[in-house]
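K.L.:
Each chain, written out:
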Amino acid sequence: MILPGNAIVTDATSIIALPAAPLHALEIWSNPEAVAKRVQKALGFALPPMNRSAGNAATTLLRFEPTVWLVEGDTSVLADTLGDDGALTAIGGGVVRMRLAGPHWRELLLEGGVFDTSAAAFPVGATAATIIDHVGVRLHAQSDEACIAYVPSSYAEGLHHFWEAALPLLGA
Amino acid sequence: MYQITCPHCGPRAQTEFTYERTMDSVVDPAADAQTAMQALYTRANPMGLDEEIWRHTYGCRAWMVLTRHRVTHEIHAVRAIGPEALP
Amino acid sequence: MSGPMRPATGEETISFTFDGTTYQARPGDTLAAALLANGIGLVGRSFKYHRPRGIMTAGIEEPNALVTVGTGGRAEPNTRATDVFVYPGMVATSQNRWPSLSLDVASIFGLAAPALGAGFYYKTFFGPAKHWLRYEGFIRRAAGLGNAPTEADPDNFSQTAGFCDVLVVGSGPAGLKAALEAAEAGSSVMLVEQDAAPGGSLLRDPDPAMDPAVMIAQIKALGGKVLLRTTASGYWDHNFLTLTQRLAEPGAVPTHGFAQRLWHVRAGRVILATGLIERPVPFANNDHPGVMLSQAVRSYVRRWRVLPGKRVVIATNNDDAYLTAEALVEAGAEVVALLDARASGPAAPAGVTVHHDARPASVTGRKHGLRKVTAVIGGSEQSFDADLIAVSGGFVPVSHLHMQAGGKLTWNEEAQAFIPGETPQACETVGSALNPPPAPAVAPAGKAKKSFVDFQNDVSLADIDLAWQEGYRSVEHLKRYTTLGMATDQGKTSNMVALSRLAEKQRVTVPEAGLTTFRPPFTPVTMGLLAGAGARNAGAHVRRIPLHGLHEKHDPIWQPLGYWFRPRAYPVNGESLAEASMREARTVRTVAGLSDVSTLGKFEVSGPDAAALLELVCATTVGKLAIGRGRYTFMCREDGIVFDDGTVWRLAENRYLMTSSTGGADRMAGHLSYVRNSLRPDLKCSVVNVQEHYAGIALAGPRARAILASLIGSEPPRHMGYAPATLAGVPVHVLAASYSGERAFEIHVEASHAAAVWQAIDAATRAEGGAPYGLEAMELLRIEKGHVVVGGEVDGRSTPHDLGLGGMLNKAGGFIGAAGLTRPALSAPGRNNLVGLVSLDGPIPEGGMLIQRAGQSPQGHVTAAARRILEGGAIALALLEDGHKRHGEELIVSSPTRGEKARVRVTSPHFYDPAGERYRD
Chain A
1 MILPGNAIVT DATSIIALPA APLHALEIWS NPEAVAKRVQ KALGFALPPM
51 NRSAGNAATT LLRFEPTVWL VEGDTSVLAD TLGDDGALTA IGGGVVRMRL
101 AGPHWRELLL EGGVFDTSAA AFPVGATAAT IIDHVGVRLH AQSDEACIAY
151 VPSSYAEGLH HFWEAALPLL GA
Chain B
1001 MYQITCPHCG PRAQTEFTYE RTMDSVVDPA ADAQTAMQAL YTRANPMGLD
1051 EEIWRHTYGC RAWMVLTRHR VTHEIHAVRA IGPEALP
Chain C
2001 MSGPMRPATG EETISFTFDG TTYQARPGDT LAAALLANGI GLVGRSFKYH
2051 RPRGIMTAGI EEPNALVTVG TGGRAEPNTR ATDVFVYPGM VATSQNRWPS
2101 LSLDVASIFG LAAPALGAGF YYKTFFGPAK HWLRYEGFIR RAAGLGNAPT
2151 EADPDNFSQT AGFCDVLVVG SGPAGLKAAL EAAEAGSSVM LVEQDAAPGG
2201 SLLRDPDPAM DPAVMIAQIK ALGGKVLLRT TASGYWDHNF LTLTQRLAEP
2251 GAVPTHGFAQ RLWHVRAGRV ILATGLIERP VPFANNDHPG VMLSQAVRSY
2301 VRRWRVLPGK RVVIATNNDD AYLTAEALVE AGAEVVALLD ARASGPAAPA
2351 GVTVHHDARP ASVTGRKHGL RKVTAVIGGS EQSFDADLIA VSGGFVPVSH
2401 LHMQAGGKLT WNEEAQAFIP GETPQACETV GSALNPPPAP AVAPAGKAKK
2451 SFVDFQNDVS LADIDLAWQE GYRSVEHLKR YTTLGMATDQ GKTSNMVALS
2501 RLAEKQRVTV PEAGLTTFRP PFTPVTMGLL AGAGARNAGA HVRRIPLHGL
2551 HEKHDPIWQP LGYWFRPRAY PVNGESLAEA SMREARTVRT VAGLSDVSTL
2601 GKFEVSGPDA AALLELVCAT TVGKLAIGRG RYTFMCREDG IVFDDGTVWR
2651 LAENRYLMTS STGGADRMAG HLSYVRNSLR PDLKCSVVNV QEHYAGIALA
2701 GPRARAILAS LIGSEPPRHM GYAPATLAGV PVHVLAASYS GERAFEIHVE
2751 ASHAAAVWQA IDAATRAEGG APYGLEAMEL LRIEKGHVVV GGEVDGRSTP
2801 HDLGLGGMLN KAGGFIGAAG LTRPALSAPG RNNLVGLVSL DGPIPEGGML
2851 IQRAGQSPQG HVTAAARRIL EGGAIALALL EDGHKRHGEE LIVSSPTRGE
2901 KARVRVTSPH FYDPAGERYR D
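Residue numbers (the numbering used here), protein chains in the order written: chain A, 1 to 172; chain B, 1001 to 1087; chain C, 2001 to 2921.
Isolated chain A (complex conformation) (with noise of 0.2 Å):
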């Protein structure tokens, strides 16, 4: 993890493929906001709504469909807040989370993509699902410098190829 304080500032894009965490889906299927106040009572903050993310030092939700929720750290939590109105499904072992850090991480998204990844229209705190260089990717905007990459893992080692191979023409 990188801190604030330790944070290793650089004129280059990286891309480096962070360790596996746990990550679940999330699923409300009956009663979505009788569910949400639950939810947020146990978590200490609100259900995030489309596109956006929110979450504290051991849990953050990003959402990226209208009913489902993608949970990173723990849920512990979460089991008895759901009851017979949706479901924890345990996703991680699928997905590789790619972090693209450096100033150009939003030009690089744009290679081989078809969203709009600039400031206005994918601001920090935001997630997108979209394809790029025909993968279907999420992507969380976590600061200025740094997005993550929610990555197929079959995908993942062709898709950080086709990042690294692309960074020559960032910032040309």
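Quick caveat, the hints were computed from the structure, so don't treat them as lab data.
Result set (SDA-like, lysine to any residue): computed pairs, CA atoms no more than 20 Å apart in a straight line: (1) C:Lys2220 - A:Leu170; (2) C:Lys2225 - A:Leu169; (3) C:Lys2220 - A:His104; (4) C:Lys2408 - C:Pro2424; (5) C:Lys2684 - B:Gly1082.
In this text the structure is predicted, and so the values were computed from the model without any measurement.
Following the hints, put chains B and C in place on chain A, whose structure we already have.
P.N.:
Okay, now just chains B and C, sitting in the frame of chain A:
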């Protein structure tokens, strides 16, 4: 390439979407054989506006109905379908 | 002809070669400018008649000066010499000549021109198909321009998304003004210019009030993006445009490895400031080097300081060419005569004689330019000694993008031009493309046969006349019969000249004669650019299985399967594929084997209504499954045809795991989502695709149960049972499913922990004398067992009954496809049914046709062929007409394409353990 305004994500490129079928060819699983086969094989195919089911497959994965002009490709309306969701 | 004028400013610092000779150029020179500066007028040979051709234009519309630039995999044929900027070491080669440009053997075609007119190919090369085999060689040798490179392109191509409020195409005066205004109003602006320098017509006709460099800097300062060397080549739906950007000149080694970039731009508004293309003038030999468009002459003089001729005749029907006279005089050339087709015109520069009612009729030439120009002036002929003729037949607005956007054109009689009209998209045309200068229609004065219209495809006025005479009335027919406008320049200089001729023949106005449609791309696009990064790996990324690295250590034979790569076999001691796969299959039958099945489709379905959803999707009963049990299932389309199969397992009260085929996994994900969200949004359930979350390992064979028991420390579940367990310290799902026909298990484990589990099972299996097995052995095993496979027996035409699965259908109905199955045709006789085949002689050819005797129509086909694993002997699965009733019948499998045949007996498809006793402990 169209630009489709997803009810959940806003304007996005057609590349992120997949076309499913027209509304009039939806087969109700509870329909009798005659009605089901009519939906499957007899389509209106108008030269003008039609209602089509699309999915934001490489985006939010949600389903929607597009009112699209078959000749000009103009999309007049988009409405979400699927389970109840929070805003 | 052309001479150095090139005064003090600038130096010839760049060396390049043309046809092997080294020349010098200045930075900023196009190849055309550099060739002219070096006195070279002859640049290529024409497509059909191999006539000598030179440089006619100074832009992308150039039809004549096509060359190959670069060498090896970087060679770009048919590059317009006017659209490539010289760089150090550039290698340019002329095309379509042999043995050399000045001595071209095939130019004899020119003498035969009368026989090679419009429709020549249609009239000459006809008859039986076998004659075509001879014709083809001749046609291919004689016709065509540059040669495609035979080596792979070493460079990369980038594809990039772009977004802006306003996209301006063209950096001439109107484009610069529009872009600056939009940027000042706060819009995000993209300005694209196909030239290497901004300015458009300002480069030729400078305006002290407009400095392109200053305006570009202002646009950039306001946050605008300016792309030079970038062509807006396609205008698609919803204001989506494709731009092609050259990051390196043709044939050059790109700095960052990327030669070009394709922009996919979505623009709020598009402003087309695309300008005009000058219209050539038809007269005899108007294709000879030394015949040049008037504005091009001005460009060479003013922008590049190259004088394309010393004694110049100017021929025009408009005022613009008078500016060319001015430029030539300023540069020290002699304007021998200005031929104005009109009765009057503006004042000419001092010393230039203007002839009114004057049209060029013919020219004669020498190698690099002209000798003489003959004109008809007021009804009488007059000749001039001249080395260059600058012609202007009026102007054609560049309306290609407007038309691609779905825009209409309107006719401007004064300018004899189509100008952009209404458009359905947020797009407008500005500048000269909207206001072409007046230029009246002029009847050609020269002989039609040598008066060329489409220079690139060698179409003359006479060809248009011939097509008319032979009954081709519509412009679309004319185009196809004469090939007019169908060359790489897509008729940029020829369309309007040809249309006027057609209108004249039809005795109608030009708009009544009609117009062909402009389609993308505006200028030729390199194929590799459209492929992008995909050009390197067959258009898609390889999908890697989680244990790819582990398998690689055993050096397996890899099998591409869709986007996936899976081990096909693990040969040892130099085994062939057939030997290795048969050994692996025997090991499974006699001891145990393990195999990677990670690519299977896998879906976790949870919630109180999970069973209801599965009952809808699966054609078999699912709802009554007890916790910890599973079963085989298959899924039907709405028309009753089977489209996939798999298994369903009840993991907990409200949680199920469904598996489906590898190849159908994406389709199944879409299907499940459609059913759940579109058809039954009311259901309380969640469907999550866990295909990649779990790696899957199959363990099969008589020793499988014991091996697994020792690894998990407890008795594994019985056949079709499920149990959670811990293996190598990792939590796993154990599913007692068998595909091979042996007692077998699928162990599903979170992919990130799969390596430890594989290694433990592998070691335990090897210790028992077992081994890993690949896809090929899996195929042998399943064929012998008579299991169907999606894409093989499940071929998109088979019903459950056809496949012998009818008995498993949910009798209560209610599943997708239940209604479709009631269609009478699906239970009519004569359908193809799944059967087994046992060979009565040799191997059974895969894909072979089933017949009763030679000469008969096929009654079915072999879907999969194999050998029995332990006993030997050839067997196969097949789909056979009414096959269920034909067990015992003898047939012939014939594969005429392979020249193979076998006699077979029809049997049940279950060759191995039909009672399923080997599943029991």
